[in-house]
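Student: When we follow my numbering, the leftmost residue of the sequence shown carries the number 1, and every step to the right adds one.
Any given hint could turn out to be false.
What the hints assert, rightly or not - Derived DEER-like restraints, expressed as beta-carbon distance ranges:
{"id": "1", "residue 1": "His11", "residue 2": "Cys68", "range": "16 to 22 Å"}
{"id": "2", "residue 1": "Leu5", "residue 2": "Gly121", "range": "15 to 21 Å"}
{"id": "3", "residue 1": "Gly121", "residue 2": "Gln101", "range": "40 to 46 Å"}
Please keep in mind that the hints were generated in silico from the structure rather than gathered at the bench.
Since this is a predicted model, take the numbers as computed values, not measurements.
Beta carbons: idealized from backbone N, C-alpha and C, even for Gly.
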Amino acid sequence: MLDKLRDRALHVIAATPTCILSTTGPAGLQASVVSCRVHAAQSDPEQQQRVFVFIPVTSDHLFNLEHCPEVMLTTPQWQLRGLVGADQAAPPEVTVIECQQQVMTFQVTPVQMHIEPTGEGSHRETIDFCPRFQQREVRP
Numbered sequence: 001m002l003d004k005l006r007d008r009a010l011h012v013i014a015a016t017p018t019c020i021l022s023t024t025g026p027a028g029l030q031a032s033v034v035s036c037r038v039h040a041a042q043s044d045p046e047q048q049q050r051v052f053v054f055i056p057v058t059s060d061h062l063f064n065l066e067h068c069p070e071v072m073l074t075t076p077q078w079q080l081r082g083l084v085g086a087d088q089a090a091p092p093e094v095t096v097i098e099c100q101q102q103v104m105t106f107q108v109t110p111v112q113m114h115i116e117p118t119g120e121g122s123h124r125e126t127i128d129f130c131p132r133f134q135q136r137e138v139r140p
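Can you build the whole structure from these sequences, using the hints too?
Tutor: Here it is, written out as structure tokens:
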């Protein structure tokens, strides 16, 4: 049951090519529109829980992420709380379309997602991802 909910959450994210990335840290509260992609590698279940974001190399988000890996990704349809991993090359099947500037690629490990109601009679949904990611310590 939980796997179906998590898969649904990732399908909702995959339908959105951009989102607002929010970070906090020494550079203050930052919010910017960034490209995002879901990596759906079938061979590695852990990879299915990864969302890639592409952050411009001149962004203050990078300074914040050095100190605090917690991020919030938002769109009008959903909100995702997650933890960012180290900068790494995206798998070949994950591409940025029409990227106007140089970017760094980060993986976001989902912690919790809220999906907004889509119609009358529907309710806001909350989906929790693997609890072991919620226990991850923040770097000093």
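Student: Next, verify each hint and record whether it holds.
Tutor: Hints versus structure:
1. One distance hint, 16 to 22 Å for the beta-carbon pair His11 and Cys68, is violated here, with the actual separation near 28 Å.
2. Distance hint for Leu5 and Gly121: a CB-CB separation of about 19 Å, consistent with the stated range 15 to 21 Å.
3. Gly121 and Gln101 have their C-beta atoms about 43 Å apart, which keeps the hinted 40 to 46 Å range intact.
The earlier numbered hint that this structure contradicts is number 1, and it is the only one.
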